[in-house]
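Colleague: Protein chains in written order, with our numbering: chain A, 1 to 192; chain B, 193 to 248; chain C, 249 to 418; chain D, 419 to 640.
One thing to keep in mind: the hints can contain errors.
Lysine-lysine pairs mimicking BS3-like chemistry, simulated, CA-CA at most 27 Å apart [stated by the list, open to error]:
1. Lys285(C) x Lys217(B)
2. Lys250(C) x Lys127(A)
3. Lys163(A) x Lys33(A)
Part of the chain C face toward chain D, derived, beta carbon under 10 Å [claimed, not checked]:
4. Lys250
5. Tyr254
6. Ala256
7. Ala269
8. Leu272
9. Asn274
10. Leu276
11. Val358
12. Ser375
13. Asn378
14. Lys383
Residues on chain C that point at chain A, a partial pick, calculated with CB under 8 Å [what the hints assert, rightly or not]:
15. Ala266
16. Asn333
17. Phe335
18. Ile367
19. Gly394
20. Val397
It is worth saying that the hints were derived from the structure and are not from the lab. Glycine is no exception: its CB is placed at the ideal position from the N, C-alpha and C atoms.
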Amino acid sequence: MGELLTLFLSTVLINNIILSQFLGMCPFMGVSKNRSSALGMGFAVLFVIVGSSIITYFLYHGVLVTFGLEYLQLITFILVIACFVQFTELFLKKFSPSLYKSLGIFLPLITTNCAVLAVALENITKKYTIVETLVNSVGVSVGFMLVLYIFSTIRERLDMNTKTPKAFLGNPLALITAGLMALAFGGLAGLI
Amino acid sequence: MQAIGLVLVLGGLGSVYALLYYLNKNTPKPEGCEEIESSCSGCHITSCGHHPSHNE
Amino acid sequence: MKRALYLAFFLAIVSALAGGALTLANDLTIDRINANKVAADKANLELIYPGAEFLPIEGFDDETGLIQNIYQAGDAGYVYKLAVNGFSGSGSIEFMVAFGTDGKIAGYTVISCSDTKGIGDKVASDSFVNSIVGKDVGASIDTISGSTVSSSAVVGGIDAAVAHYEANLK
Amino acid sequence: MENKKPNFLQSLILENPVFVLYLGICSILGVSTSLDNALGMSLLVFVVLLFSNIIVSLLRKITPNEIRIPVYIVIIATLVSVAEMFIKAYATSLYTSMGAFISLVVVNCIILGRAEACASKNNVLTSIKDACVMGAGYAVAIFSLSAIRQFLAEGGLSLSNPLNLATIFKFTVLPEEFAIGLFSKPVGAFITFGILAAVFAAYKQGYEAKQAAAAKKAKEAK
Numbered sequence: 001m002g003e004l005l006t007l008f009l010s011t012v013l014i015n016n017i018i019l020s021q022f023l024g025m026c027p028f029m030g031v032s033k034n035r036s037s038a039l040g041m042g043f044a045v046l047f048v049i050v051g052s053s054i055i056t057y058f059l060y061h062g063v064l065v066t067f068g069l070e071y072l073q074l075i076t077f078i079l080v081i082a083c084f085v086q087f088t089e090l091f092l093k094k095f096s097p098s099l100y101k102s103l104g105i106f107l108p109l110i111t112t113n114c115a116v117l118a119v120a121l122e123n124i125t126k127k128y129t130i131v132e133t134l135v136n137s138v139g140v141s142v143g144f145m146l147v148l149y150i151f152s153t154i155r156e157r158l159d160m161n162t163k164t165p166k167a168f169l170g171n172p173l174a175l176i177t178a179g180l181m182a183l184a185f186g187g188l189a190g191l192i
Numbered sequence: 193m194q195a196i197g198l199v200l201v202l203g204g205l206g207s208v209y210a211l212l213y214y215l216n217k218n219t220p221k222p223e224g225c226e227e228i229e230s231s232c233s234g235c236h237i238t239s240c241g242h243h244p245s246h247n248e
Numbered sequence: 249m250k251r252a253l254y255l256a257f258f259l260a261i262v263s264a265l266a267g268g269a270l271t272l273a274n275d276l277t278i279d280r281i282n283a284n285k286v287a288a289d290k291a292n293l294e295l296i297y298p299g300a301e302f303l304p305i306e307g308f309d310d311e312t313g314l315i316q317n318i319y320q321a322g323d324a325g326y327v328y329k330l331a332v333n334g335f336s337g338s339g340s341i342e343f344m345v346a347f348g349t350d351g352k353i354a355g356y357t358v359i360s361c362s363d364t365k366g367i368g369d370k371v372a373s374d375s376f377v378n379s380i381v382g383k384d385v386g387a388s389i390d391t392i393s394g395s396t397v398s399s400s401a402v403v404g405g406i407d408a409a410v411a412h413y414e415a416n417l418k
Numbered sequence: 419m420e421n422k423k424p425n426f427l428q429s430l431i432l433e434n435p436v437f438v439l440y441l442g443i444c445s446i447l448g449v450s451t452s453l454d455n456a457l458g459m460s461l462l463v464f465v466v467l468l469f470s471n472i473i474v475s476l477l478r479k480i481t482p483n484e485i486r487i488p489v490y491i492v493i494i495a496t497l498v499s500v501a502e503m504f505i506k507a508y509a510t511s512l513y514t515s516m517g518a519f520i521s522l523v524v525v526n527c528i529i530l531g532r533a534e535a536c537a538s539k540n541n542v543l544t545s546i547k548d549a550c551v552m553g554a555g556y557a558v559a560i561f562s563l564s565a566i567r568q569f570l571a572e573g574g575l576s577l578s579n580p581l582n583l584a585t586i587f588k589f590t591v592l593p594e595e596f597a598i599g600l601f602s603k604p605v606g607a608f609i610t611f612g613i614l615a616a617v618f619a620a621y622k623q624g625y626e627a628k629q630a631a632a633a634k635k636a637k638e639a640k
């Protein structure tokens, strides 16, 4: 149990998907304008990463390995993740408009998101068991949401101040702030 | 044996993806949500569903 | 509805063709990749057992997930290749440790270490190597002060290898 | 200076896919620690972009319009898988140093973006030209970022041929103790990228201001 906790803590804080693996930068740059959309994005990513990690895990060990088709891993994972996102959006549209109202607008953004694919591939290359796969995917999504939320609170203030030089407005300043956050998160490395 | 597995897996996934993508595009958004525009600024990421390229 | 079926059929064909192209590329490169895999480790294996004949042991199960591969070096002993989570993230230190049939640790070499320069890479320092090689298999190994995270990760890896060795191969 | 089309060099900076359009940031930040990676990544992205543009523009007449994007995603995934196999077979050192970021080129927004914006509408020749321009823009971005980060982190630059590891050139200027290890870490990546993006933005703003001034002067002169 302790080992799973270390895995969880290390994926959330130390090997944070954004700050130390640079993945999920596209949504990070685009959607972190305000806190509510950051949270919505976080939950949408959590749902998609956990769902597609489970499906890809069983698809790989169940189908690809038995047929000896490991080299098809990349294309099958992409198709599975894309199908999963489309299915979720379709399901939300049809059956729960309220949930669609809060999460639906983020789903199209995650279709070809680096983080989702990277987690699915990592579960295979790191030879994780199903429990570790779950812990890893939840940890990554929580780490993603945490950094996105913290960043959106900072960014709201960033856009308000008028003294930033014109060239730095918008994304360049956001990246430098992300660098400072990576420095802060780097301090936690000794935790485990 | 391998070839059958390949055609089954990829053909199956491909057709399911096309079907879901097509169905998804044709199901209208639920009534209260037409006007929600995502807060992301006009970016150039074509893979994002909101990118104009998806709804020609 | 007919249009949807046509679209589904079209993408199915494209995906199947893509699979065919991948199979072709795979057949072209698979033997070279496997040769590279053994070659990559052979250089390090030679450091421990120069000139020995190495047999990769397939299908070992190891729940720690740290053991990458195991090689049998003739009748001299077994060499474990491990990747442990050092200071800078998962799999940041790769090393090999060898257990001789005489019950002693026959060798320990670091293959790659991407931890912080000057701190993390002390796990490859001669003092640390000498503190491991020659010890009995299963004897306790102390970590390096100043780079506890990296060295304790390595020691954890060695313990996992010892556990597997004593359980399956001794 | 009337409002002429920016020459090739200027368009590399003005519409740089990475620093101006912010496409493909994930792979660039992760890989740009050394010039070898930069060379490997820009070649990989260029080759995949070139072939994807060619195949997409060849198939543009028969791809049904509704599922354009899914077809492009399948094509790009296949090309990247094939490229990954060949890298694993012939350039193993590159594979170990770039690792996971190779297969992440599949979701690289530049390739899909160009396939959709350009290749699906033009003939093969324009698509090839577009792939070269975008590939060059990507290479400019990743080489400049990697050069700065490697120079600061290791006190010098080195480039080796990925196929046989022969060092093409290697020089160290700063002595070892002046090397700032921070720049090989994520912190350095973010900050260097932010500053470079600001430099590109400043150049673009300067360029547009000049254009606007020239256009105004031309209008007054009339």
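Colleague: For every hint, state whether the structure bears it out.
Modeller: We went through each hint and held it up to the structure:
1. Lys285(C) x Lys217(B): violated (45 Å)
2. Lys250(C) x Lys127(A): Roughly 43 Å between the alpha carbons, so the hint for Lys250(C) and Lys127(A) is violated.
3. Lys163(A) x Lys33(A): holds (19 Å)
4. Lys250: Status violated, d = 13 Å.
5. Tyr254: holds (7 Å)
6. Ala256: This interface hint holds because 9 Å falls under the 10 Å limit.
7. Ala269: Since chain D brings a Cβ to about 6 Å from Ala269(C), closer than 10 Å, the hint holds.
8. Leu272: holds (9 Å)
9. Asn274: holds (6 Å)
10. Leu276: At about 8 Å, which falls below the 10 Å cut-off, the nearest Cβ of chain D leaves the hint on Leu276(C) intact, so it holds.
11. Val358: violated (15 Å)
12. Ser375: violated (21 Å)
13. Asn378: Constraint on Asn378(C) not satisfied, violated at 25 Å.
14. Lys383: Result: violated, 30 Å to nearest chain D Cβ.
15. Ala266: Nearest chain A Cβ about 6 Å off; hint holds.
16. Asn333: holds (7 Å)
17. Phe335: OK, holds: Phe335(C) within 8 Å of chain A, min 6 Å.
18. Ile367: Violated. Min distance 11 Å.
19. Gly394: The hint is violated - Gly394(C) has no Cβ within 8 Å of chain A, the shortest such distance being about 12 Å.
20. Val397: holds (6 Å)
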